[in-house]
Amino acid sequence: MSNRISVKNLNLQLGDSQILQNVSLDVPAGKITSLIGPSGSGKSTLLRCLNRLWEPPPGTIFLDGQDITTLDVLALRRRVGMLFQSAALFEGTVAQNVAFGPQLCGRTLSANRIGELLEMAGLEPGMAAKPAAELSGGQAQRVALARALANEPDVLLLDEPTSALDPAATRHVEETVLRLRDSLGLTVVWVSHAIEQVERTADRMALLVDGQIVERGSPAHLLSGAHPHLTEEFARGQLESAREGA
Amino acid sequence: MPESLSWLPRIAGALVLVLAAMGISRWQNVGLEREMLVAVVRAFIQLILIGYALDLIFGTEGPFWILLVVAVMITIAGYTAGKRGKNVPRGQFVATASVSVGALLTLGLLILLDVFPFEPRYIIPIAGMVVGNSMTVTGLVMARLRDDVRLQKPQIEAALALGATRRQASQLQMRRALSTGMTPIVDSTKTVGLIALPGAMTGMILAGASPLEAVQLQIIVMYMLIGAGAFAGLTATFLTTRQFFTAAHQLVLPPDAEAARR
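As given, the protein sequences belong to chains A and R, one line each in that order.
The opening position of the first sequence corresponds to residue 32 in our numbering, with each subsequent residue numbered one higher.
The opening position of the second sequence corresponds to residue 10 in our numbering, with each subsequent residue numbered one higher.
Be aware that one or more of the hints could be misleading.
[What the hints assert, rightly or not] Stretch by stretch, here's where chain A covers chain R in the computed footprint (C-beta under 8 Å, at least three residues): (1) 76-86; (2) 126-139.
[Said to hold, decoys possible] Label pairs and their calculated CB-CB ranges: (3) R:R99 to A:A199: 43 to 53 Å; (4) A:Q134 to R:N96: 57 to 67 Å; (5) R:T255 to A:D213: 33 to 43 Å; (6) A:E206 to R:P98: 39 to 49 Å.
[As the list claims (entries may be wrong)] Calculated Cβ distances over 10 Å to all of chain A for the following chain R residues: (7) F67; (8) D123; (9) Q177; (10) L181; (11) T189; (12) I229.
Note that these hints are calculated values from the structure, not bench results.
The structure presented is a predicted model; accordingly, all values stated were derived computationally and were not measured.
We treat Cβ as the ideally placed atom computed from N, Cα and C, and that holds for glycine.
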């Protein structure tokens, strides 16, 4: 199994605080790798390093064997797409949102292609003409997915894209991502809060605590109960996020 | 009393209005009497001093005094606009550079096109208006961009993540900020003379010029203020946006905003 992304001894400091400490991680191609951990553990920052929304030190992150800090950053981001907690759609129609990425490099998407992309994201092609502002949370997040797919990325980074969605919409997004992994061979790195979501979707997982990866492996193995550390740390994380939400 | 201060009795007359305002403040328990007194005394002293200084400078020849006065105006205006755009990284630099571009480009063009001669009597009052307007536009643009970039961080980062450059990612915010900065002067140009007679024109008429002369000057003033606003606003838009991004097209908000987010 080849690795699409390799993180090697990544350290990241912001002011006085160490955000990431000696993080090493292999992301296999065509698989879903979940990053979990309590809030503030650095998982979102790690994710943002992978497409250089946050600059990693040179020689720490490799995409298909190439140091990403030596790649053209705009080309890198077209290869490594990203979804955020909020769909963050732009003003305008669904179609305009989906066509945004290709348009940046001078390509115009046909109506057919836009319809295809919407279908890939689990939406009706007829939705293209709708104003983005009129969509439900779940629909908006799937338009954001179609928008990311329009760049034909090799890798998709998901930063808790279902955290604001209801259970039905969450399942819909999960099923769509699983389908894309199987049909397109998409490599996915998925930051998640919910351990049930990891069980449903992940091929591999890593647990981040205080900026360090403390456990990694297959979810079946790690979530079997044989790793009290994981359960304990994650329960603490769930508690913290519940407290934050209150 | 020297002839140049022959208006002092009239000033004393106008003081009656200030006394009335202070009376109202006291009667209604507004508590502004002290501040009003300070403001009135400050205005008197500042303006009389400026009057004497301008009297002296208008009598000089050569560019030295003009340039000095304009430089002082730009420095103060840059500082003021920079404070309005606080939390913009390197805000003082951005503000001063924007006001300078707005003011110097406009003044340069006015002189080049022979609209006004390069003499203290013309350039200094004109510079005052141009610098003042550049300052207002710069402050508005900086504040709007700072707020919008923070508020629309998700959209900007989503665009960056799709491969947009920092300029493409913040296009909408830049356009809105420039429009916010320019709208007041465009609106007041549209309605000039219909709602109120502007200061320069009022001054000329009170000083005895014919209304038609005054109106022509006012037209030039409005046109030049639009130009100065556009130059300063555009510079502020580009320079401010630049402060929020790295060369690798990464959005960096000032530390206090980042801390609040976490």
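Here is what the structure says about each hint:
no.	hint	result
1	76-86	violated (count 0)
2	126-139	violated (count 0)
3	R:R99 to A:A199: 43 to 53 Å	holds (48 Å)
4	A:Q134 to R:N96: 57 to 67 Å	violated (32 Å)
5	R:T255 to A:D213: 33 to 43 Å	holds (37 Å)
6	A:E206 to R:P98: 39 to 49 Å	holds (44 Å)
7	F67	holds (53 Å)
8	D123	holds (45 Å)
9	Q177	violated (6 Å)
10	L181	violated (7 Å)
11	T189	holds (17 Å)
12	I229	holds (39 Å)
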